[in-house]
Amino acid sequence: MSVLAARELDRLGYADGPLHRLDARAKLLVSAGFLVAVASFPRYEVAGLAPFALGPCALAAVGRVPLRPILRLVLAASPFAVLVGLANPFLDTAPAARVAGVTLSGGLLSFLSIVLRFGLCTSTLLLLVATTPLPRLARGLRALGAPAALSLQLTMLYRYLFLLLEEGERLAAARLLREPARRLPRFATAHRMLSVLLHRTFERGARVYRCMLVRGFEGELPSLRSEGLRRADALFLAAGLGLCLAGRLFPLTRWAGTLLARGS
Amino acid sequence: MHMADALLSPPVGVAFDAAAGLLLAGAARRLQREPDYREKVPVMGVLGAFVFAAQMMNFTIPGTGSSGHLAGGLLLAILLGPNASLIVLSSVLLVQALFFADGGLLALGCNLFNMGVWPALLGLPLYRRLSREGARGLRSTLACLVAAVVSAELGALGVMVETQLSGRADLPFTRFAGLMLGIHLPIGVVEGLVTLAMVRFAEKVARGGLPAPGHPQGRLPLVPTVLALAVFLGCVGAWFASARPDGLEWSLARVGAVLPANGPAHALMKALQARSALLPDYGLPSSGRRADAPLVRLDTSLAGAIGVLAVAVLAGAAGLALPRLGRGARGKDRAA
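So the sequences go chain by chain: B and A.
Counting from 1, position 180 in the first sequence corresponds to residue 179 in numbering that gives the first Met the number 0; the numbering is continuous, with no gaps.
Counting from 1, position 72 in the second sequence corresponds to residue 71 in numbering that gives the first Met the number 0; the numbering is continuous, with no gaps.
Pulled out of the complex, with its shape left as it was, chain B reads as follows (with noise of 0.2 Å):
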């Protein structure tokens, strides 16, 4: 199930390491500039995205990030995305390149760079929430422009977020229970459920307001955190751009083919 999975990169989020303890806005600028560079690649694309495992690689290794959750929730993601590759395949059978005797299609070719795109650019996100706590990507957003509202509301979000899908896992136990035989609710009980899911959630807003105004509420949640740059988060900025930048600009696969293919 993708929410254990979830909650297992949330948990993992609160873990220390030099990772975790850099600035929120220097990975959300290294992950966006990464995600950047990835999406440039012309279609054909496949040599070039290779050296770009690299990132993702090397932060879960830095940041002690399981591989499993991580690839769990990509494989549970992949269907739309691969599903749409699906049909290059088929559509775009001229030849485009040949790999040791074997001729490869461009459709083949756009399909794998698709399917490479998409595991670089979700594991990254993951792994940049499996090193960062919510809160702190939030407040890093806010740092960076974000309005306060948008931070505020992903805050408040986070903090029920897992609560009410217990709340929804309960339900859905309890319906299984009472019809084993049905794998997927009826309509008419999955209106019920939603029903009683509703009326629970306008309860536990309107509770939750209460303690706020009690603690004081007055429109932004306060922070005793302060961030600021330090040095290893610029440095850490710098390097991660310079090399999505490298990584874009220079064919470093070929050159470290040919290197390799000189030295035998």
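A few of these clues could be false.
Stated by the list, open to error - Which chain A residues face chain B? A few, computed with CB under 10 Å, are given here: (1) V91; (2) E152; (3) P185; (4) V189.
The set of hints was computed from the structure by calculation and includes no laboratory data.
As the structure is a prediction and not an experimental result, all values here were calculated from the model.
Where is the CB? At the ideal position from N, CA and C, for every residue including glycine.
Based on these hints, arrange chain A on the given structure of chain B.
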């Protein structure tokens, strides 16, 4: 249906991000000025979580064999108003991209457009205008259905335009359009029915004296909306123009304009463009890859393959070695 970063090209993604960001900033400003904003904050938070939980709750669609779930854009717009609904939906999309690998950061603007903007911009006014007062009777049922179907179809159109314009996947447009618009018709109907049921339930709860968000007034800020729509229409226009590669020049020539193509300024711009082009061989999907395009030469592609292998080995080695190094260092720390 979430657009993924992998299917987008930077120009399309950034254009939609900019349009959505503008709209979001305007909506946030309007929202923060609303007198009951503080009261709305926790309700927005829990309703966002509700939409999340509701999306996980699949059910069988009567009459067909398939299953469906609530998407929530229209429900949020009706319960919270257009400005708050945009903020809530963008937070939901962000969390989905970060925790569930669904959607993406570059694709955030596209997804907000496909799932949040149309319900808030068109669905909600349609619903308000058609249903007049209260959510009762056949009239309001039809209003909700129309609003949901229109929003879903426009969202599907958005997915198609973004995919085609990015040129990462080459689905044949007419077949893709038929499939997407066809699938989104029942999706829209189900969305409308569930939304209506939830809105009626919320009204019942409110009549019973329990707190529930009512029917908020308010509309989206005008200028950002117009700008965002301009970006969307520009993308649609660019995509139609790309079907006729020299569409602009053709129409200019028809009007009688002459395009001088040899001057110092022209040469300078050409040089600048060649230097700054991020995507020098970026082709629009309709132009496609010609069958007579030259094959990539053997030695370069072989070098590429070897390079891929080398990088993979390097990445694997780094992944295996780095945690050990770190553990060693930590052990030393502990010993000291």
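Hint numbers the structure violates, sorted upward? 2 and 3
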